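Asks: Listed below are the residues making up each chain.
Protein chains: 2
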Amino acid sequence: MLPLLLAAVSILAAAAASAHHPHPLDPLSPAELTAVRAAVLASPLVPARPLTFHYVGLDEPDKPDVLSYAYGNSASSSRSAMPRRAFVIARAGGQSHELRVDVTDAAAPSVLGHAVHRGAGFPTLTLDEQFAAVALPPAHPPFVESVRRRGVDMADVLCAVFPVGWFGDLPAEERRVVKLLCFVAGATANFYARPLEGVTLVVDLDRMAIVGYRDRVLLPVPKAEGTDYRAGNAGPPYAGRAPAPGTVVQPEGRGFDIDGHFVRWANWEFHVGFDVRAGTVISLASIHDAEAGARRRVLYRGFVSEVFVPYMDPAEEWYYRTFLDAGEYGLGLWAFPLQPGADCPANAAYLDGYYAGQDGKPVENKNMICVFERYAGDVAWRHTEAGFPDRLITEVRPDVSLVVRMVVSCGNYDYILDWEFKTSGSIKFTVSLTGLLEVKGTAYTHADQIMEDAHGTLVAENTLAVYHDHYVTYHLDLDVDGTNNSFVKNTIATKRNEAGTPRRSYWTVRREVAETEADAQVDVNAAPADLLVINPNKRTRMGNEVGYRVVPGGATAASVLDDDDYPQRRASYCKKQVRVTPYSKAEKWAPGLYADQSTGDDGLAAWSERDRGIRNEDIVLWYTVGIHHIPYQDDFPVMPTVSDFGFLKTLKVKKLV
Amino acid sequence: MLPLLLAAVSILAAAAASAHHPHPLDPLSPAELTAVRAAVLASPLVPARPLTFHYVGLDEPDKPDVLSYAYGNSASSSRSAMPRRAFVIARAGGQSHELRVDVTDAAAPSVLGHAVHRGAGFPTLTLDEQFAAVALPPAHPPFVESVRRRGVDMADVLCAVFPVGWFGDLPAEERRVVKLLCFVAGATANFYARPLEGVTLVVDLDRMAIVGYRDRVLLPVPKAEGTDYRAGNAGPPYAGRAPAPGTVVQPEGRGFDIDGHFVRWANWEFHVGFDVRAGTVISLASIHDAEAGARRRVLYRGFVSEVFVPYMDPAEEWYYRTFLDAGEYGLGLWAFPLQPGADCPANAAYLDGYYAGQDGKPVENKNMICVFERYAGDVAWRHTEAGFPDRLITEVRPDVSLVVRMVVSCGNYDYILDWEFKTSGSIKFTVSLTGLLEVKGTAYTHADQIMEDAHGTLVAENTLAVYHDHYVTYHLDLDVDGTNNSFVKNTIATKRNEAGTPRRSYWTVRREVAETEADAQVDVNAAPADLLVINPNKRTRMGNEVGYRVVPGGATAASVLDDDDYPQRRASYCKKQVRVTPYSKAEKWAPGLYADQSTGDDGLAAWSERDRGIRNEDIVLWYTVGIHHIPYQDDFPVMPTVSDFGFLKTLKVKKLV
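Going down the list, the sequences are from chains A and B. Everything in the first sequence is counted per our numbering, starting at 1 for the first residue and increasing by one. Everything in the second sequence is counted per our numbering, starting at 1 for the first residue and increasing by one.
Note that the list lumps identical chains together, so a pair holds whenever it fits in one copy or between two copies.
Quick list of in silico lysine-lysine cross-link-like pairs, BS3-like style, CA-CA up to 27 Å:
id: 1; residue 1: 575; residue 2: 489
id: 2; residue 1: 575; residue 2: 585
id: 3; residue 1: 576; residue 2: 489
id: 4; residue 1: 575; residue 2: 495
id: 5; residue 1: 428; residue 2: 63
id: 6; residue 1: 538; residue 2: 223
id: 7; residue 1: 489; residue 2: 585
id: 8; residue 1: 489; residue 2: 428
id: 9; residue 1: 585; residue 2: 428
Simulated from the structure, these hints should not be mistaken for lab results. For clarity, every value in this text was computed on a predicted model and none was experimentally measured.
Please model the entire structure based on the sequences and the hints provided.
Replies: Written out as structure tokens, the structure reads:
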């Protein structure tokens with residue numbers, strides 16, 4: 001165990017050392033977050049109080065400056081002089097304030113700019129205001145009466161916050177409201193399994209007061225029995241005979257180094273950052289080209305931009321459940337400590353994160369990201385050659401990859417989000433879904449009673465698991481071998497054979513280079529095609545393109561909501577799995593900067609309407625992993641993990657053969 | 001190391017003990033293969049000589065008998081009395097002979113029946129006849145002249161056998177011929193990298209004579225430089241800085257038992273068989289239902305039925321390259337010993353296989369299948385619940401699965417074929433492709449010279465990697481909770497909201513139970529749908545279906561060849577990824593029993609034209625993993641592994657909640 005312990009100590013030492021000269025993409029440190037808070041609270045630009053912090057994140061330097069810092073020849077003295085700035089969204093006086101704060105000298109922070117957001121939408125909800133909101137119902141007499149009517153003990157009742165979405169109110173709802181839905185969570189760890197169906201509270205968050213109440217329908221509260229998932233409280237397959245224990249042992253220790261936020265492993269080097277909205281942020285990923293003796297750029301920045309989860313029940317308590325988990329809740333905010341040996345294998349290293357709480361003070365998020373070498377028993381490449389008469393040649397390379405993992409438990413669902421780096425140069429980004437279903441109270445106790453569309457599956461007595469989708473949208477700013485890249489579609493096209501041989505048909509490749517954004521909106525379930533991001537300014541010795549291929553996994557669902565439907569307008573980018581935009585520092589969040597109660601007037605689809613040129617430009621690939629989820633019996637009380645992925649497969653970036 | 005060694009010894013002991021009373025699905029033992037040979041050679045029914053054995057496999061008892069043996073209450077004395085029979089295809093006198101041989105008493109084997117195959121097609125090629133065929137060219141004067149003209153040393157030239165396919169000859173070609181293509185394989189382990197492009201030999205296999213020769217075009221032979229893949233002969237990523245070594249350690253030993261051909265692990269039990277054509281055969285897979293105290297059936301039999309690999313170049317030397325790897329070459333025949341610690345992790349156990357050589361004598365295939373517990377760092381299920389005000393609940397189960405692996409190196413390509421069993425009840429079958437590209441000699445030395453369709457990618461000087469497809473078709477005889485099952489399509493259908501709430505649209509599920517085979521032919525890239533195999537005679541306590549969901553991975557290509565094209569007619573089942581047929585013991589091989597020079601008149605698509613009833617019947621699901629492969633620079637000289645899979649996800653088979 002000693003080598004692991006030493007490694008952990010050296011990581012902490014490195015982190016401490018690097019704190020003095022942070023990399024320009026490092027997330028804000030606790031000291032910097034404290035300085036941001038001090039500057040904002042001291043600023044005369046936002047005099048209203050209370051002031052609450054909804055987003056505090058790194059306002060990174062402009063991309064050319066970061067690239068010059070990372071890959072340029074500047075001396076280390078000039079490298080340490082990069083400014084450190086924060087972007088802040090705060091609420092005060094019923095307005096959303098945007099501030100840019102310089103914390104290069106954390107002892108003398110200064111507000112560089114201030115603006116009030118005038119358009120639709122509100123910032124991410126804070127944890128504190130959600131805790132405050134869910135504390136309101138027990139003091140609300142109509143709610144006390146509703147609970148009593150259901151024969152439930154108020155001490156067992158807990159509520160949760162549900163964003164209201166946007167449904168055509170013009171002008172957009174000016175009150176920052178959420179709905180509260182409540183559950184009988186006393187007797188089970190399955191918080192969501194026993195809804196007080198039919199009861200809805202509306203809370204004005206800025207006033208922190210209940211402004212709406214409705215008890216529409218009285219339905220039985222599902223039983224607690226059979227809902228728990230904790231060891232000892234669950235039957236098979238959730239408990240039951242366990243397979244033999246197994247552990248990965250690395251006799252020579254880990255093969256990677258963590259230096260501040262930089263991870264170096266095999267031929268890879270990349271920066272692991274953290275954002276309270278996006279969660280893990282991978283930056284400046286590059287590959288060492290041993291033969292060229294050079295480092296070659298791959299990914300300037302990659303992160304999950306949004307997770308859209310629309311439910312498919314039009315009922316009054318359900319129609320608005322069309323979550324934007326990153327923008328409304330914050331993926332980093334809902335990432336909790338990973339369990340060593342369970343969430344990540346024994347050979348994992350852990351990174352902590354820090355974010356600003358509602359009061360602006362730094363909050364530590366321990367063990368929020370893990371990094372480990374994955375020995376899955378796979379094969380990197382192999383060949384057995386039986387064609388030689390005198391010998392059997394077998395050459396095999398076992399596969400080892402490096403995984404960077406975060407788990408986001410945004411309410412009932414758990415998203416395991418992996419970035420996996422391969423020695424071949426490929427990058428696999430995997431979404432694994434597990435956790436609990438969002439269920440609806442019902443009078444049904446057996447499927448045979450269901451005579452009309454129930455919008456879900458009866459998974460237990462009085463318990464419907466409602467149909468829904470998941471769309472996990474990645475922002476992938478590929479800079480393959482340089483900043484300017486192009487998007488290429490290699491479509492498989494059938495040809496009639498005119499060569500005079502007996503074959504009648506074959507396929508060939510129709511190559512299309514996307515000129516503008518419209519050319520690069522791709523439904524991957526339509527015509528078969530390879531999708532590439534290439535560097536048109538670099539060629540291999542043979543004259544082939546250098547680049548990456550986007551390889552979709554099986555989860556390629558696209559939204560089937562009508563185009564005029566409100567949630568669809570807010571997340572209209574979910575109709576195509578692939579989009580490409582020219583890089584813009586401001587275009588990070590697929591549904592727009594203000595996701596809560598957004599109207600779709602900002603965001604990826606709206607930006608793309610300008611149909612900008614993307615050929616041989618600094619481009620960003622947006623890839624959406626999509627799943628239509630019809631729940632089945634097996635998904636209750638806890639869902640066996642379902643994984644899917646996108647894959648960035650190298651065409652040839654490591655060696656210009 | 002001692003525990004592992006002990007485990008290996010006990011496996012051998014168990015295998016030896018069970019050899020006396022084989023399970024009715026056990027592959028033929030060496031003694032049984034020897035008895036089959038003796039009976040066939042002694043039979044007066046096939047007097048012609050020479051007689052060559054092309055297929056010798058288990059002729060398993062009828063399914064009801066096997067089920068009764070496996071799950072019935074018969075005493076062990078009656079269980080050991082199950083007959084042992086072989087099905088044989090032999091060539092003699094220019095005919096394909098089918099024989100059924102009883103070897104229940106291996107000391108007195110008897111031929112039960114004999115027939116001569118009259119239709120189109122020929123059996124699998126033997127290794128011996130391929131070795132004999134490739135020995136012919138150096139003695140063929142025109143070939144010697146062709147080699148000389150290319151300035152190549154004959155000592156460096158090796159040839160390989162290529163089936164001729166079928167291209168409309170009516171009646172089907174009566175001569176059993178193959179083409180030979182030759183390579184300069186002296187200076188590189190990459191057998192296929194240096195073709196003598198333009199030179200074709202035709203060999204009559206029954207006469208073992210060259211019956212056709214053509215030297216159509218003179219092209220440069222690609223260089224050997226940069227083609228090797230062996231350690232020390234290759235650059236990165238094939239060699240280069242290695243990640244840290246890691247090994248899975250199981251302190252309590254392996255969690256599975258191998259008893260004869262039965263594997264028992266966690267809640268799973270299944271039989272691992274072997275067939276010279278199919279490779280690994282999984283049978284009688286069942287799950288122990290801890291709460292019901294009963295074993296519940298899942299999969300009667302699963303195996304790879306065919307691997308169709310059509311190339312997309314109409315040139316004279318390429319148009320016929322439309323391989324049926326299982327039927328023409330034999331997946332089990334081309335499965336070579338796995339490399340411990342590389343092909344399979346250190347904690348793997350190995351199974352040997354035996355097949356009949358061309359002379360009928362048993363051939364041992366050491367370490368042909370490995371079985372291991374996979375600790376990949378994945379999570380079986382988890383949840384973190386942050387909704388409780390007083391506590392953070394985190395419950396995580398690390399994932400362990402059981403993998404059964406074979407690697408088939410059928411010429412240039414290597415297929416890693418995994419069956420992965422999950423404690424959740426799910427089964428994942430994964431195809432991983434690696435190995436070498438099939439390349440074409442060309443005059444091109446740079447991509448800029450290519451002005452017309454080259455049908456491939458120039459991966460090295462004078463070397464085109466030709467476009468092609470892979471279709472791996474699984475035969476999955478699911479018997480979920482009993483023999484009779486139904487196939488259900490749950491289609492996602494958009495609805496306009498008429499509930500009066502502000503939402504405008506949602507989706508719901510349109511459930512269709514397939515009545516006949518035509519209803520169950522599914523293009524999985526068309527309308528989004530969940531595909532289920534359910535037992536309509538069993539319900540969960542809630543009234544839900546018990547069954548499995550077929551979850552496609554990303555490799556869902558369907559053939560785009562024209563319907564009237566000959567290779568398409570021979571593998572017409574490749575236009576839909578999913579088909580369902582009623583069980584028939586004779587319907588094992590998707591392109592038909594005789595694949596070599598088959599005409600498509602037998603096989604999966606032809607059988608399905610009868611459009612038989614499949615509702616609440618004993619049904620077989622056929623699932624095809626499909627890939628259009630446009631080679632890229634990165635795939636040369638050896639291909640980094642690309643994996644894809646199908647997934648059988650349990651709806652609920654373990655517990656009738």
